[in-house]
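Position chain L relative to chain F; hints supplied.
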Amino acid sequence: MLIYLPIAEVSVNAFLLLGLGGIVGILSGMFGVGGGFLMTPLLFFIGIPPAVAVATEANQIVASSFSGVLAHLRRKTVDIKMGLVLQAGGLVGSGLGIFVFNYLKSMGQVDLLVKIFYVVFLGAIGSLMFVESINTLRRTSKGRAAPKRRKHNWVHNLPFKMKFRVSGLYISVIPPLLVGMVVGVLAAIMGVGGGFIMVPAMIYLLGMPTKVVVGTSLFQIIFVTAFTTMLHATTNHTVDIALALLLLIGGVIGAQIGTRIGVKLKAEQLRILLAVMVLGVCVKLSFDLLLTPRELFVLGTAGGH
Amino acid sequence: MRFVYIALALLCLTMPARAEEIVLGLSQDEVAITATFEGSRILIFGAVKRDGTETAEGDLGVIITVSGPKAPITVRRKERRYGIWINADAVEVDSAPSYYSVSTSGPFESVLKGVEDLRYSITIPHAIRSVGATVEDSEAFTEALIRIRSDARLYSTFVGTVDLEEDTLFRTAINLPSNITEGNYEARIFLTRGGVVIDEYDTVIPVEKVGIERWLYRMAQDNAVLYGLMSLAIAVAAGWGASAAFAALRR
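These protein sequence lines are chains F and L, in that order.
Just so we're aligned, residue -6 is where the first sequence starts under the working numbering, counting upward by one.
Just so we're aligned, residue 98 is where the second sequence starts under the working numbering, counting upward by one.
Pulled out of the complex, with its shape left as it was, chain L reads as follows:
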C-alpha cells in the first residue's frame, strides 16, 4: 500500500504547480457513538482557491467520498444441490470498507472520467479491492456485496448532492446511518476539470464509542471473565426480581 502513496507523491511532484486547490471545513471533526446514537450528519464544505494562473480546460466538478475502515470479507453463494440450498462457492474480497458514500456535484459522465475513477478508486465498485478470485464470474460476488451493503444503507451514491456555487464554494451533507461501526473514517474531496482530477484533499474523521458504550466494549474485550459474570449476575437478578414482583402482586 505504501508504495502506492509514494508513487502518487512522485506523480504530484512531476505535475505542474496546481492552479486550483481545495480549502476545506467540516461541521464536526469527530463522531461520538453514544447509547442513543441515531446516526450523524456531517457537513463538508469548502472553497476552491485559485492562484491566478491559467486553469485547466473543462467544467469544474467536486466529488466527496467518505469511507469507513477497510477489512477483508468473505462472500458466499448458496446453490441448490439435491433439492436443498447450501453454501457453495465463496469469494474472499481483499478489502471492503465498512461504510462508503460518494457524493458528486453532477452526473458521473461530466465530473469523472473512467480512467481517473480507476486511478483514485472513487466509485463503489472501485473502492472494493478483489484480486485473485478463483471462482468463475467473481463480479457477481462483489456485486452482491455492494447490493447487500447498499440495502443496509452502508454503501450509497449521491449524484448531484454537492452544491457548487460560482465554481468556488461547495457544500454537502453526509448522513452516517445508525449502524456504522467504530474506526477512522476517511473523507476524500476531489476537484475535477473535464472529468480529470486536478486536486485531492484527504482528512480523517474518527468515529468512536463514548461513555458507557466505550466502557462496556472495553470491558468485554479486556475483562472477559468479569464481563461474563456480570452478564450472568444481571440475568439472575432480573429473573429473581420478576419472580418476586409477581409473587408480591398475587398477595
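Next comes chain F alone, as it looks inside the complex:
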C-alpha cells in the first residue's frame, strides 16, 4: 500500500515503514538506544529527503522510548532520579554542543571530523565492552562468581553525594552530570540521540547495573528527542507526521517486544550484543568513509553549507 507523505513529498510503501519501525523498536527496547543511527540511513535509502528523515526520526524515537520506558517502569528498572541528573547535564551539553558545532562549521569540513571522531570512539567503546563481557561470561561459566564490577575509585571520593536507590549507588552527582553533558555535546554534534554513548558510559563510568541502564537511558532519550522534534518542527518544518505515524506504530510494538527479550537475557549477553551493534555501526561508518561510493555526486538544495 503506497502512501504519499505530505512533508517528504514522496510515495512509500506503508508496510515497509511499519516493518522498519518494528525492527528499530525492538533494538530500542532491548538496549536502551534510540535507534536513530540505524533508521536514518534506512530512510535515506528508501528515498526520504535527509532533512525530513532526521527530524521525523526524532519524533518516532519519542514514541518507541516512551513505550519502552513504560514497560521498564512496570519492572521497576528505571532510575528516574539518575535519569533527571543525566538530563540536567545533557541540556547543558546540548547547548554547548550546538555552539561547538557552529564553531567547527565555520572552520569547514566539520562533518568529516565528527565522523572520524565517531568511528574511533565507537570502535574503542565497542571493543572494550566486547572483551569485558566475554571475559565476564567466561569466568561465570567456569563456575566462579562474577567479580563485582563496581570498584571503589576516585569517583567515590567526590563531594555532593546522592543516593540513587534503584541503581543501588551512593555517589557524587558530579560524574553523572559530566557524563550527561559529554553525551549531550556529542549528540548535538552528531545529530543523534546519544543512547549509544550513554549506555556504556552508565555501565562502565557510573557503575550502574546493566538492567537499570536500559530503562534509564530510554527515559532520558524521551526528553532529548522530544526537544529535537520541536526544534525541527518549528525551525525547518521537516517533521513528517504521516511518516512518523507509520514508523512509530511499528516502533512502539517493537519496543515492547524488545524489552521482554532484554529481560530474558543475562547482563553479560546484553552487553555483548550491544558491543556487537556498536562495532557494527563503527564498521559501517568507516566503510562510508573508505569505500568508493557508487555515486560520486550528491544533490543538495542551493544555499546550504
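Just so you know, not all the hints are guaranteed correct.
[To be verified] Here are the computed lysine-lysine pairs in the PhoX-like style, where the Cα-Cα straight-line distance is at most 25 angstroms: (1) F:Lys154 with F:Lys74; (2) F:Lys204 with F:Lys259; (3) F:Lys277 with L:Lys175; (4) F:Lys69 with F:Lys156; (5) F:Lys108 with L:Lys175; (6) F:Lys74 with F:Lys204.
[Claimed, not checked] Part of the chain L face toward chain F, derived, beta carbon under 10 angstroms: (7) Ile139; (8) Gly180; (9) Arg226; (10) Glu236.
[To be verified] To list a few chain L residues with every Cβ distance to chain F over 12 angstroms, as calculated: (11) Ala116; (12) Glu127; (13) Lys146; (14) Thr152; (15) Ser253; (16) Phe255; (17) Val256; (18) Val333.
I should point out that these hints are in silico values taken from the structure, not numbers from a laboratory.
Keep in mind that this is a model prediction, so the values were computed, not measured.
Beta carbons are placed, not taken as given, at the ideal position from N, Cα and C, and that holds for glycine.
Using the frame of chain F, we list chain L on its own:
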C-alpha cells in the same frame, strides 16, 4: 527572464502568419496529490489546424515537454583525500526542473535541429540552466544531476511515443511518477517541420496536494508549534497505547 519572452513575442510578430497551428486537449487539467497518490497519467492530445496556405518544407514532427517547478540546486562531488571520501567541489546549477519529460513523434535527428533545441531549451541538458560554473569540467556535474534524477524517474526522454496520425492528429500519455512535488507543471507542445519549430503551444497543469495532505502541510508551515506538539502527543499516546495493550495481553 521576462525580456526573453518579449524577444520571443517580437520574433513571432516578425514571422509570417503560421500556416499550421496546434489545437490541444488534456485528459485532466490538474493533478491532485492525495494520501494514496501513486502517480498520475495525463493524456495530451491535439490536432494540427491548417489555414490552407502553403506549408513549410520537411516532415512534420511533434515534441511534448512537461516540466515541474524550477529551482536552483547544488551538486557536490566526492573526492578521495588522505584515503577517505569527502565532499570536495560543488557546482550551483542555476535552475533545474523538479520533473522533466520529453516525448517526441520520432528520432531527434528528424524532428529537431540542434539550433532549435538550443533556442527553445527542449532536451533535458538544455532545460537545465547552469552558467558561471567555476569548477573545471562542470558538465560532469550537470550530467550527474541528470543521471541521478533519471534514476529517480524524474527526468525522462521518450523517443517516438507521440502518435502522429495522418500528419494531423497527435496523442501521447505522460506518466507522472509518485515522487513528484507540488507546483505548476508547464506542458509545452512543439510542432516542427524538417526539425524547425513552426508552432508552440504552452499550458499549465497545476499539481496540488488535497485533503489531509494539504491540511497537514499547511499546518506544518503555518502552525509549526502546534504541529510539533501534535506530533509529540501522537508519539506519547502511541507509546502508552502499545504498553497498555501488551500489559493487557499478559494478564
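Status of the hints after comparison with the structure:
1. F:Lys154 with F:Lys74: holds, 13 angstroms
2. F:Lys204 with F:Lys259: Since the Cα atoms of lysine 204 (chain F) and lysine 259 (chain F) sit roughly 9 angstroms apart, the hinted pair holds (cutoff 25 angstroms).
3. F:Lys277 with L:Lys175: Within the cut-off at roughly 18 angstroms; holds.
4. F:Lys69 with F:Lys156: Roughly 16 angstroms between the alpha carbons, so the hint for lysine 69 (chain F) and lysine 156 (chain F) holds.
5. F:Lys108 with L:Lys175: holds, 15 angstroms
6. F:Lys74 with F:Lys204: holds, 16 angstroms
7. Ile139: violated, 17 angstroms
8. Gly180: holds, 7 angstroms
9. Arg226: Check failed: Cβ of arginine 226 (chain L) comes no nearer than 13 angstroms to chain F, outside 10 angstroms.
10. Glu236: violated, 12 angstroms
11. Ala116: holds, 44 angstroms
12. Glu127: Its Cβ never comes within 12 angstroms of chain F, the nearest being 16 angstroms, so this holds.
13. Lys146: Holds, because the least Cβ-Cβ distance between lysine 146 (chain L) and chain F comes to about 39 angstroms, which exceeds 12 angstroms.
14. Thr152: Threonine 152 (chain L) is indeed farther than 12 angstroms from all Cβ atoms of chain F, at 44 angstroms.
15. Ser253: Correct as stated: the minimum Cβ-Cβ distance to chain F is 17 angstroms, above 12 angstroms.
16. Phe255: The claim stands: phenylalanine 255 (chain L) keeps its Cβ more than 12 angstroms from every Cβ of chain F (closest is about 21 angstroms).
17. Val256: holds, 26 angstroms
18. Val333: Violated, since 5 angstroms does not exceed 12 angstroms.
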